[in-house]
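S.K.: Spelled out, the chains give:
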Amino acid sequence: MNDSPELEKRYRRLLALYPRSYRSQNEEEILGVLLDTAREGQRRPGVAASADLIRAAAWLGLRPELPRSAHTVRGAIRLMCIGAVLEAAALVTYLVTASSVRSVMLRTDPAQWPAVLLHIRAVEIGGPLLMVLWLWLAWANGRGKDAARRALIPLFGLTTLGFAFVLATGGVSHSPADLIVTGVVWLFQIMTLVLVFLPASDPYYRRQAARR
Amino acid sequence: MIMTALAQGSQHGYRIMTEVEEISGGRVTLRAGTLYTALDRLRADGLIDVDRQEIVDNRLRRYYRLTPEGTERLAAEAARLHANATAALSRLNLGTLEVTT
Numbered sequence: 001m002n003d004s005p006e007l008e009k010r011y012r013r014l015l016a017l018y019p020r021s022y023r024s025q026n027e028e029e030i031l032g033v034l035l036d037t038a039r040e041g042q043r044r045p046g047v048a049a050s051a052d053l054i055r056a057a058a059w060l061g062l063r064p065e066l067p068r069s070a071h072t073v074r075g076a077i078r079l080m081c082i083g084a085v086l087e088a089a090a091l092v093t094y095l096v097t098a099s100s101v102r103s104v105m106l107r108t109d110p111a112q113w114p115a116v117l118l119h120i121r122a123v124e125i126g127g128p129l130l131m132v133l134w135l136w137l138a139w140a141n142g143r144g145k146d147a148a149r150r151a152l153i154p155l156f157g158l159t160t161l162g163f164a165f166v167l168a169t170g171g172v173s174h175s176p177a178d179l180i181v182t183g184v185v186w187l188f189q190i191m192t193l194v195l196v197f198l199p200a201s202d203p204y205y206r207r208q209a210a211r212r
Numbered sequence: 213m214i215m216t217a218l219a220q221g222s223q224h225g226y227r228i229m230t231e232v233e234e235i236s237g238g239r240v241t242l243r244a245g246t247l248y249t250a251l252d253r254l255r256a257d258g259l260i261d262v263d264r265q266e267i268v269d270n271r272l273r274r275y276y277r278l279t280p281e282g283t284e285r286l287a288a289e290a291a292r293l294h295a296n297a298t299a300a301l302s303r304l305n306l307g308t309l310e311v312t313t
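Protein sequence lines correspond, in order, to chains A and E. Residues 1 to 212 (the working numbering) are what the first sequence spells out, left to right. Residues 213 to 313 (the working numbering) are what the second sequence spells out, left to right.
No lab work stands behind these hints: they were computed from the structure. Computed from a predicted structure; not experimentally measured. It cannot be assumed that every hint is accurate.
Unchecked claim - Not close to chain A: a few residues of chain E, all C-beta gaps over 12 angstroms, as computed:
no.	residue
1	A219
2	A288
3	H294
What the hints assert, rightly or not - These stretches of chain A come out as covered by chain E in the derived footprint (C-beta under 8 angstroms, 3 or more residues):
no.	segment
4	27–33
5	104–116
6	199–208
All C-beta atoms in this analysis are idealised placements derived from N, C-alpha and C, irrespective of residue type, glycine included.
Full structure from sequences and hints, please.
M.R.: As structure tokens, then:
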């Protein structure tokens, strides 16, 4: 074992990145293993070992603390993460196809263009916000926060209204590819909502609330 | 591979790392961060548990062991891999896999 106090201090700094509850139970043990694997005379953590500790700390900080029994919540969280990716895909598709929508609009119905432009600007701002919101919902539902579960209802309501508006206007401000992606996002939201409100998910949210 | 390292009895973190390296013929080198993330997940899934803990050189050392469910899962996974390997060798006309005990 490497007994360098300098190395120990530096490893402790890296371990300070771990969540507090995890650190209080495991820090001394991990530190022992780190010092066991250190070379004789080593004074600084290696780059690979440091990167590994930072990656592990990030994972432990972000992972959902789900027991295997909460498989419906686990499924919903997967869908929320996929939802964030789909929002990104929808945004990219929308931005890529916006110029063709613009040229068609200006040719066929120029009077509608200001309203469509406003819609495009709203998507440009709202898209990244929705991605962040999906990720936050995945994180918060993974921790059994009931408010995060309930927050899915207005989100679904808004998405449904937006989607219905787009369909009612004949999809004039969206390309076919973008309409498909938006429809898929909407379907994912329904599935997510069903999963978190299934009776099988209730015990997990109740247990997490009791723990707080 | 961590579960394989625990198949013959309880081991502490450092020993698991060296066992994994040995089992993989040096191809896999576990680092502490990765090891403890994996141990945490295996514990949460009920596949391993802490067998005992002791203090060595003023440092906490925990020994991990397979739970009955973990043993069962490892055996099932090993049997599945064995069946796949046997099928592959047989199709390559290299005969069946010899299992040494």
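S.K.: It remains to establish, for every hint, whether it holds in the given structure.
M.R.: Okay, the hints, checked on the actual structure:
1. A219: holds (20 angstroms)
2. A288: holds (16 angstroms)
3. H294: holds (26 angstroms)
4. 27–33: Our answer is that it holds, as 6 residues pass the Cβ test (under 8 angstroms) against chain E, meeting three.
5. 104–116: violated (count 0)
6. 199–208: Not satisfied, violated; 0 residues make the cut.
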